[in-house]
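**Q** Chains A and B, in that order, give the protein sequences. In terms of my numbering, the first sequence opens at residue 5 and continues consecutively. In terms of my numbering, the second sequence opens at residue 5 and continues consecutively.
If you're looking for bench data, these hints aren't it; they were derived computationally from the structure.
Repeated chains share a single entry, so a pair holds when one copy, or any two copies, can fit it.
Simulated pairs of lysine to aspartate or glutamate, DMTMM-like, Cα-Cα distance not exceeding 20 angstroms:
1. Lys-297 / Glu-267
2. Lys-161 / Glu-11
3. Lys-117 / Glu-276
4. Lys-275 / Asp-318
5. Lys-117 / Glu-127
6. Lys-73 / Glu-24
7. Lys-300 / Glu-47
8. Lys-300 / Glu-42
Protein chains: 2
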Amino acid sequence: MSSIEIEDIGFLSPESVYPEIKPHIHHTPILKGRYFNEILDAEVLFKCENFQKTGSFKIRGAMHAVGKKLSSGNIRAVATHSSGNFGQALAFAAGQYGIRCHIVVPKNAPMAKVQAMQGYGAEIEFCEPGTQNRERALQNYLQQHPDSVFIHPYNQKEVIEGHMTLVSELKIDGINPDIILVPVGGGGLISGISLASSHYFPGCTVIGAEPENANDAFLSVKKGEIVHLTEVNTIADGLRTSLGDITFSVIREKVREIITITEEEILLAQKEIMGRLKIVAEPSSATVWAAAKKIKNQLAGKTIVLVISGGNVDF
Amino acid sequence: MSSIEIEDIGFLSPESVYPEIKPHIHHTPILKGRYFNEILDAEVLFKCENFQKTGSFKIRGAMHAVGKKLSSGNIRAVATHSSGNFGQALAFAAGQYGIRCHIVVPKNAPMAKVQAMQGYGAEIEFCEPGTQNRERALQNYLQQHPDSVFIHPYNQKEVIEGHMTLVSELKIDGINPDIILVPVGGGGLISGISLASSHYFPGCTVIGAEPENANDAFLSVKKGEIVHLTEVNTIADGLRTSLGDITFSVIREKVREIITITEEEILLAQKEIMGRLKIVAEPSSATVWAAAKKIKNQLAGKTIVLVISGGNVDF
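Bound-form chain A, shown alone (with noise of 0.2 angstroms):
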């Protein structure tokens, strides 16, 4: 059960982030199309970080942090662990600081994100899968190297700032929307959002899409305290993770609700996206078009932004 007040953490505001880590990243485009308008008598925009750098949102966070840890001691190198996208972004992100990238990456990792961490220059660490396996091996690591330093892929206050430029760019944008969907795994994205939301515009509403099968953070809202799931078994593998103690305190204060969305829910909607839109996006993705269909009946008429949140799928 987690007790940290939001206000306690110190967020920096969005616009003190962005111009830093702005030089580094895409501002990513929008893209529309009538079908979606049509299904949703909405005006529908999808936020395309599909076409970030690194294939995904993450390097957002991971820039934004490897700059903040840099500015801020001694260290020579940081590490994480990964099996995907947030490798990617912190092995791009400390090449960009000319600092070295440690990754601890589980076995069955996908071939291609793991060739994509060492293009960018990371030294890769195999580990056997399971959340306890993967920390040891880190922890282990960051004793011997204590010049290291340890950037969480989402439960870290410098990751979720970094997130929050993606809504400054919705401002910058001209942009005014009145939902904001988002995917929710660990649920770094979606708290940067919903606070950067607050800040810009502050009568939007943000909600959380997750698989059916990987409900944890449906789960930990319903209950009040973060839930772990011993099994979860989706096509959203980006959506596999549980809540960290400051995500759950940032969604519980600032997300309305989480839609739950099936694996054919979910597939029928990338088909739609890749079908009709003409872009790569993860399953993970797909699920906020999957939610903005289950509700439909409240969105006519009002301006939806559906975060793509990457495009790094193994062909």
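Fit chain B to the known structure of chain A by using the hints.
**A** Below, chain B without anything else, positioned relative to chain A:
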């Protein structure tokens, strides 16, 4: 053997075509990726017609052709035969001008494309597969409907003129290409592009890309007359058609060479485009990236435009 001289055809200039169709089409984006630049040691620009209305470049030609036909005579409908992208484009264009559209479709056409044509308001008439069956069915329809006019999918002056506008957009974007690589099917797109390229960029070279398994354009240029293949078996379904007399004449005069691509090369190139650019590209479009890799030694240090012709993939 064609004896058409392209001067005798009297093509309009792209400047006179562009303003009229501009309100009806998207100015499609240019995408780039470090991955592609590094492989070719060149500036690689993808012109993304997958984001064009109806999902392919074909709307450019269809829109201009319908507009021209309407302004030159008393017609109430357009008709064509198509198994895919041109049918969608003509149906959309006819809808924009408020006239009927009749499309003869082979029974084995992809269901997604047939549904898209119907979605744009076309009347569909199914026929047995094969060029002769398609032409016969269309001929019957035209005889019974004298207020209808046939728009050829590629071997038609106005269609080719419409496709010129893709190059107008490169000019507007401030791009100054050394080489433009274009997929070759019936030759309408590469005809429009090579004519407009001569106009805007006299020093630019236009090169075609064609499946080895449907290498009729390559053979036609070599032999000096239009070659029809009896068997074509390629995943690049948009490139199975033979040249027409007009497109053959333009290609012979304006296109430097045609590179042929194996099925394996097409699939690998499509994987690279989808995996790295995060866009949905048809196999036909992937031929241009495969061709660029084959002539890598001619491209170093240059500005290369690769035309992604469409994104209509049946998921």
